[in-house]
Amino acid sequence: LIHAPRQTGKTTAMLELAQQLTASGKYTAVMVSAEVGAAFPNDPGAAEKAILGSWRDSVEGYLPTELHPPTWPDADPGVRLHSALKVWAEASPRPLVIFIDEIDALRDETLISVLRQLRSGYPHRPKRFPQALALIGVRDVRDYKVASGGSKRLNTSSPFNIKIKSLTLRNFTLAEVAQLYQQHTAATGQVFTTDAVEQAFALTQGQPWLVNALAKEIVEELVRDPAQNITLEHIEEAKEILIQRQDTHLDSLTSLLRQEQVRSIIEPILAGQDLGDIPNDDRQFLVDLGLVVRHPAGGLTPANPIYREVLPRVLASGPQDSLPMIQPSWLTPEGKLNPEQLLEAFLSFWRQHGQPLLKSAPYHEIAPHLVLMAFLHRVVNGGGILEREYAIGSDRMDLCLRYGDVTLGMELKVWREGRPDPIKAGLEQLDRYLAGLGLNQGWLVIFDQRQGLPPIAERTTTEQVMTPSDRTVIVIRG
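170 is the number that my numbering gives to position 149 of the sequence shown; each next residue is one higher, with no gaps.
Everything labelled a hint here was simulated from the structure, so no lab data went into it. Treat the hints with care, as some may be off.
[Claimed, not checked] Below are the BS3-like pairs computed for lysine-lysine, each with C-alpha atoms no more than 30 Å apart in a straight line: (1) K237 with K148; (2) K107 with K70; (3) K47 with K148; (4) K107 with K148; (5) K148 with K70.
[As the list claims (entries may be wrong)] Ranges of calculated distance between the beta carbons of each label pair, as one might list FRET restraints: (6) S45 with P144: 37 to 45 Å; (7) G425 with G319: 21 to 29 Å; (8) R471 with E281: 37 to 45 Å; (9) T86 with D342: 50 to 58 Å; (10) P114 with R315: 42 to 50 Å; (11) N359 with E261: 19 to 27 Å.
Ideal placement from N, C-alpha and C gives every residue a C-beta, glycine not left out.
Please put together the full structure from these sequences, using the hints given.
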């Protein structure tokens, strides 16, 4: 079993391996796909026909005629794949090696049927079944069983007890990112500065699609003159473009956020809460997807800074699309940000629209955070940047709004039922955050989610207080 996050090079690498094995003269190796069977989750017979038709096309495109399989046998539904692989292995002049891509596109009865057929042929290898089969996808086999509607526990008679070895593809190292970008330099003469390479790695953590997408955006759109060096600033600009545009790779990540298995982990990460009693298989599922990694210091964290930015931004898109028309009263006639006017604009917005907009947020625990971020996105759309920091167990989310020469640090806290007022901890945490930003003032926003409270319009208040280090803080309660 070969599993790794989407667009990390699984298909490309295994296609190359299959071609090399065939070219060696020792094996008949080919990459095929199960994806066309996804249209028939509860009709294994129809899925088998579609899959075998796809396999025939792949074989004719990649293998010489003498290595093509015979005509697929006229078998009954439920055994067609097994029968096809059997007659091919028997007829093949070389041991047969099959790489089946997109195996986890299959669901329900079709997935069970396909895995059962592959498992039943294993004892008959190599004369009457392929010598080696590799199943390629995003998920490990434990998650196939969940996709079929079963429990996560594997047993020896299960069709999911199919794995001999599970392999995954790692991300690029910093040295490999440098080597990849050096190939562009060798071909065009255009240089990536050392700072640019290091920043690309820092933002992507070597995720292959992101590494390539940053460079592609820069060389094809931002810096088309090969005589101009590519700098750290170009990497940052390309990052913002990718995040805002949400290309296919990032868009596929966002669709996962609607799954309950994903929400149960991402929501507490964003809220800064502990995970609680989340099954290990669910946690591993998100690691396998490449959404999160296990931080060396402990806890799960988004897999890279770009994902860290994408997750809350996408979740805030619902409230953002629901925003009423808001005049930018926070800007001076010269186009500069006025923090006092921004505060007044937010308070007016929150009192009038906060309550209904909470319903448009997909994650209840952080609904107030998402509504505030939606409002701030409206602010930065005029030419600013909104940065976020959050972590499991921190019980907070930090925001940094940069607009021209104005920087505003904020800390978001939630007052939950049965818990003390978080203002003391919030001021101490915000004090440290502002110190790191080199600021002497900021906002502490406390969202009160206790029961039996007046409406938001009535309970929203502000006061000015001092932190332990004598920084000025506007405390907003709502």
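Hint check results:
1. Pair hint K237 plus K148 does not hold up; C-alpha atoms about 47 Å apart against a cutoff of 30 Å.
2. Restraint check for K107 and K70: the C-alpha separation of about 16 Å stays at or below 30 Å, so the hint holds.
3. Taken as a hint, the K47 and K148 pair is honoured in the structure, with Cα atoms around 15 Å apart against an allowance of 30 Å.
4. A C-alpha spacing of about 8 Å is found between K107 and K148, which places the hinted pair at or below 30 Å, so the restraint holds.
5. With a CA separation close to 24 Å, the supplied pair K148 and K70 stays within the 30 Å bound.
6. At about 26 Å, the CB distance of S45 to P144 disagrees with the hint of 37 to 45 Å.
7. Under the hint 21 to 29 Å, the C-beta atoms of G425 and G319, about 38 Å apart, miss the expected range.
8. The beta-carbon spacing between R471 and E281, approximately 26 Å, falls outside the hinted interval of 37 to 45 Å.
9. Separated by about 55 Å at the C-beta atoms, T86 and D342 satisfy the suggested range of 50 to 58 Å.
10. For the pair P114 and R315, the supplied restraint of 42 to 50 Å holds, since their beta-carbon distance comes to about 47 Å.
11. Remark: the range hint 19 to 27 Å for N359 to E261 is upheld by a beta-carbon distance near 24 Å.
Hints 1, 6, 7 and 8 from the list above are not met by this structure, while the remaining hints are.
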